[in-house]
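*Asks:* Please build the complete structure, drawing on both the sequences and the hints.
Chain by chain, the residues:
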Amino acid sequence: MHEATAAASSGLLARALKDAAASAAITALLLVPLVGMHATEGPSGALVLKYRFGLVAIFALLVGGLRLGLHLTVWRGDSARGAAPRFPALARLAGPAGDAAKPVFFAVLLLYPLLAVLGSGGLGPSRYWIDLGIYILTYVMLGWGLNIVVGLAGLLDLGYVAFYAVGAYTFALLAGSVPISDFFAGTLGADFWRLWSFWVCLPLSGLLAALWGVILGFPVLRLRGDYLAIVTLAFGEIIRLVLINWVDLTNGGAGIASIPPISFFGIPFSSGEGGFANLFGLEFNPMHRNIFLYFVILALAALTAVATIRLRRMPVGRAWEALREDEIACRSLGINTTLTKLTAFSIGAMFGGFAGAFFAVRIRFVSPESFTFMESAVILAIVVLGGMGSQIGVAVSAILLIGGMEMLRNLTFLKDPWLFGPDFDPSLYRMLIFGFAMVAVMAWRPRGLVSSRLATIFLKERKKVSGDLVREGHG
Amino acid sequence: MSKPMLSVAGVKTQYGKIIALHGVDLDVNEGEIVTLIGANGAGKSTLMMTICGTPRASEGRILFEGRDITHMPTHEIMRLKIAQSPEGRRIFPRMTVYENLQMGAAMDDYAHFEGDLERMFDMFPRLKERLHQRGGTLSGGEQQMLAIARALMSRPRLLLLDEPSLGLAPLVVRQIFDVIRELNAIEGLTVFLVEQNAYHALKLAHRGYVLVNGSITMAGTGRELLESPEVKAAYLEGGA
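Sequence order for the protein chains is D and Z. Counting with the UniProt record's numbering, you get residues 1 to 475 for the letters of the first sequence. Counting with the UniProt record's numbering, you get residues 1 to 240 for the letters of the second sequence.
In short, the hints are calculated from the structure, not lab data. Think of the CB as a built atom: it goes at the ideal place given N, C-alpha and C, for glycine as much as any other residue. Among the hints, erroneous ones may be present.
As the list claims (entries may be wrong) - Which chain Z residues face chain D? A few, computed with CB under 7 Å, are given here:
hint, residue
1, 66
2, 69
3, 72
4, 74
5, 75
6, 94
7, 107
Unchecked claim - Between beta-carbon pairs, the in silico distance windows are:
hint, chain 1, residue 1, chain 2, residue 2, range
8, D, 221, Z, 140, 41 to 49 Å
9, D, 221, Z, 10, 26 to 34 Å
10, D, 110, Z, 166, 50 to 58 Å
11, D, 66, Z, 166, 47 to 55 Å
12, Z, 15, D, 339, 22 to 30 Å
*Replies:* Have a look at this one:
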């Protein structure tokens, strides 16, 4: 039995390799005249031929590699599809191996700034990597926040960016407000508001965003599915349009600049006397602030994750999940669906508001341009690709999507004259690749990268509840 | 006879302009199994849902243990000692059997959870075997058992059952009905049963009502209705 399968798989591999080589060869032959020779205007105005055989080779390898991949994954005719998880590494993420991997994962996150500094050789050069980490973690946090609304409560929210915007503008307006600053200058010292505004405004931003979650929640309580999606989409746009047009308050499209920077709990990251570097006996470096920002967003994201895990085990969290499954059954069990939806909306919005305040203090500039529908779409894509309701899946997909898109900028080797030439900008193709990736994930992992969910309660042992056993929408 | 446990008086329900119930009167006394039979579209489920508050009765009154529940919000009605096993079962498919049962006890503050769970396992041993499976992977009969067990987890005094035999094999239907009979006989649970399977329902019930086009046309004991020529002609012919 074992030998038979081994023989079968080696035969399969041989066939797959043969087919892949053949298709690569055909592609190369076809593309030599089509792609390999490029007629352009020469320096004297005459037509000259440019040869791009490197590009042909890349295309041929792509075709061959993709066909090989298809042979080994999708086209394995006789193998029992779905019997074994096709992405065992991903499936393990949610299992016991995932439990063991979590401390490692967390340690890597904690040590990331150190690794970045050591890897890039100094505080200054590490800036790119630290900023990338902050950027990704912001989206991890937003994904986890939206996960409460979409993944747990099953309410499709296309306007999540509205709460992000509310949080950012709440902080920007309060921190930049002269009357508040003057008020505190009179009581707690001239610098108090400049130094402490973020720490005071962070909870306020979350609360205000939560309030807006309730305000949005009330009129849409009767809606579900597509209808709810449309209303939330409109809500996101309304907030953005208000931000653009209420010039007196928000300064319109020009945005709000001069947001005070983050402080180390009241100690400014400044070069002079009493600054962070001075107090801790370090040499001043502007990167200290960025590294601190990294830890702040890491803490905020961790707060979101821990809160979600705790809430899932509480009655309200289970009510969210039950609501996602069947609203009528929920009501028949005496669950107040109105209240349940409102809590989901407002708690999800609160984390969006926290993230918004963080965004504002990091960029130190907010404008309506940062809060377009595209942002909502990306956050929703992160949640859906990650597997709705799965924390680790959302984190992985945020890293892949945001980090991956950023990495595309770095593919400078494509600018080689043998390939696309110096005018080629790979980042222009980000959305194309992004789209392909989404289609691919949805085709092969229709329930997201990590599709199983852990039961929140268990008698003796925790068993994984597979997502593969049941169809979407039918349990 | 003392006051009925559930009393439906002159209840009229409309979906927009379409009148689904034309003033229905019906009583369920404590300790009884009462069934409501009728054809497709007669308004059986509408009556069941009106008792639960969605949709609301446009006229008439619904009393539970002497309390007017006509205008109470649905979730508050369901927090009284009423439990419902809705039509089509409506278990939570992606939650495990255990989580489903826990949802049933959510309004009881889990005070009696462990003991009640054991009671459910005695009654439905299959649920114990399936405890950590997703609800959606159970068979139809198991799902119906789960739906009833989930409803019972809130320790109701009145159980509303909407078409528990829907889509189930005859043998499984018999099992379900046996459980209902035991619940009533041993625990004294009052049951209001809406059924299309008139033969089984009338055999089980102490009393029955026949609903035709939104009005009650006949009422009587289960045996009387079973033997009445009209019921035989309309609901039992070729059936059973």
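*Asks:* None of the hints should be skipped; say for each whether it holds.
*Replies:* Consistency of the hints with the structure:
1. 66: Since the shortest Cβ distance to chain D is 20 Å, the answer is violated.
2. 69: violated, 13 Å
3. 72: violated, 11 Å
4. 74: holds, 5 Å
5. 75: Holds, about 4 Å.
6. 94: holds, 6 Å
7. 107: holds, 4 Å
8. 221/D - 140/Z: 41 to 49 Å: Distance hint for residue 221/D, residue 140/Z is violated at roughly 32 Å.
9. 221/D - 10/Z: 26 to 34 Å: Holds - the Cβ-Cβ distance for residue 221/D and residue 10/Z, about 31 Å, lies within 26 to 34 Å.
10. 110/D - 166/Z: 50 to 58 Å: holds, 55 Å
11. 66/D - 166/Z: 47 to 55 Å: holds, 49 Å
12. 15/Z - 339/D: 22 to 30 Å: Given range 22 to 30 Å: holds, Cβ gap about 27 Å.
Of the numbered hints given earlier, the model fails hints 1, 2, 3 and 8; all others are met.
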